[in-house]
Amino acid sequence: EAQVTQNPRYLITVTGKKLTVTCSQNMNHEYMSWYRQDPGLGLRQIYYSMNVEVTDKGDVPEGYKVSRKEKRNFPLILESPSPNQTSLYFCASGRGVGAGDTEAFFGQGTRLTVV
Amino acid sequence: RKEVEQDPGPFNVPEGATVAFNCTYSNSASQSFFWYRQDCRKEPKLLMSVYSSGNEDGRFTAQLNRASQYISLLIRDSKLSDSATYLCVVNPYSGGGADGLTFGKGTHLIIQP
Numbered sequence: 003e004a005q006v007t008q009n010p011r012y013l014i015t016v017t018g019k020k021l022t023v024t025c026s027q028n029m030n031h032e033y034m035s036w037y038r039q040d041p042g043l044g045l046r047q048i049y050y051s052m053n054v055e056v057t058d059k060g061d062v063p064e065g066y067k068v069s070r071k072e073k074r075n076f077p078l079i080l081e082s083p084s085p086n087q088t089s090l091y092f093c094a095s096g097r098g099v100g101a102g103d104t105e106a107f108f109g110q111g112t113r114l115t116v117v
Numbered sequence: 072r073k074e075v076e077q078d079p080g081p082f083n084v085p086e087g088a089t090v091a092f093n094c095t096y097s098n099s100a101s102q103s104f105f106w107y108r109q110d111c112r113k114e115p116k117l118l119m120s121v122y123s124s125g126n127e128d129g130r131f132t133a134q135l136n137r138a139s140q141y142i143s144l145l146i147r148d149s150k151l152s153d154s155a156t157y158l159c160v161v162n163p164y165s166g167g168g169a170d171g172l173t174f175g176k177g178t179h180l181i182i183q184p
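Each protein sequence line maps, in turn, to chains Z and L.
Take the first sequence: its letters are residues 3 to 117, numbered as in the numbering used here.
Take the second sequence: its letters are residues 72 to 184, numbered as in the numbering used here.
These are calculated hints, taken from the structure and not from any lab test.
Note that the structure is a prediction, hence the values are computed from the model and not measured.
Incorrect hints may appear among the rest.
Unchecked claim - Chain L regions said to be covered by chain Z (calculated; three or more residues, Cβ under 8 Å):
1. 88 to 95
2. 114 to 121
Stated by the list, open to error - Derived DEER-like restraints, expressed as beta-carbon distance ranges:
3. Z:T24 - L:L145: 12 to 20 Å
4. L:E86 - Z:T22: 38 to 46 Å
5. L:D128 - Z:T7: 21 to 29 Å
6. L:L151 - Z:T15: 31 to 39 Å
7. L:C111 - Z:G65: 25 to 33 Å
8. Z:G65 - L:E86: 27 to 35 Å
9. Z:D58 - L:Q102: 18 to 26 Å
10. L:E86 - Z:E55: 45 to 53 Å
11. L:K113 - Z:D61: 30 to 38 Å
12. L:D110 - Z:T24: 17 to 25 Å
13. L:E76 - Z:K59: 20 to 28 Å
C-beta atoms are modelled at their ideal positions from N, C-alpha and C, and glycine is treated no differently.
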């Protein structure tokens with residue numbers, strides 16, 4: 003089954019404790035991206051990756067890191083989480099430029115609470 | 072100016088009614104258009120693409136007006152299960168690619184029994 007898998011689905015952590023949210027896709031997509039979604043603000047892009055070892059900042063990258071060492075995985079790292087990073091996070095993947103197929107496939111989301 | 076704008080709602084509509092909402096986009100060179108559906112606290116999923124000639128999928132009809140730079144979604148005979156947030160999505164780049172997708176903030180629809 004084609005899917006994007008995020009883990010964990012729910013996470014409560016304390017300020018300053020490093021955490022990683024994993025994302026994996028089995029569709030051989032070039033493009034992967036992380037979004038956060040907050041009430042009234044819609045989906046805001048954090049980081050994206052066009053392919054292995056190619057990552058770039060989105061609209062709200064501060065406080066986050068990513069890596070793309072393998073095509074299927076795109077982890078999101080919070081080195082020192084703060085309460086303003088409490089949010090619903092989505093990973094997405096899709097085919098890249100020129101593919102003609104622009105559907106984005108989303109993971110089920112990770113609800114993060116930083117206290 | 073925001074790239075993709077939608078009325079956030081909520082739209083409260085009785086079951087069985089027809090409901091329509093629009094979205095406007097700022098980039099006149101935008102190439103492709105979509106509606107995504109997002110249930111409460113779940114991930115967005117593609118509902119339908121929007122073609123220049125308009126397209127229909129069951130009770131759902133999507134239309135594009137390039138001259139006025141808006142797309143619309145019409146839902147006929149609405150069901151309780153249609154309650155969701157509908158995201159307008161635009162790709163400004165030719166050649167496609169999911170990297171170009173720009174999401175609106177969504178319109179919240181509530182179908183009432």
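Each hint, compared with the structure:
| no. | hint | verdict |
| --- | --- | --- |
| 1 | 88 to 95 | violated (count 0) |
| 2 | 114 to 121 | holds (count 4) |
| 3 | Z:T24 - L:L145: 12 to 20 Å | violated (39 Å) |
| 4 | L:E86 - Z:T22: 38 to 46 Å | holds (44 Å) |
| 5 | L:D128 - Z:T7: 21 to 29 Å | holds (28 Å) |
| 6 | L:L151 - Z:T15: 31 to 39 Å | holds (37 Å) |
| 7 | L:C111 - Z:G65: 25 to 33 Å | holds (26 Å) |
| 8 | Z:G65 - L:E86: 27 to 35 Å | violated (44 Å) |
| 9 | Z:D58 - L:Q102: 18 to 26 Å | holds (21 Å) |
| 10 | L:E86 - Z:E55: 45 to 53 Å | holds (51 Å) |
| 11 | L:K113 - Z:D61: 30 to 38 Å | violated (22 Å) |
| 12 | L:D110 - Z:T24: 17 to 25 Å | holds (23 Å) |
| 13 | L:E76 - Z:K59: 20 to 28 Å | holds (24 Å) |
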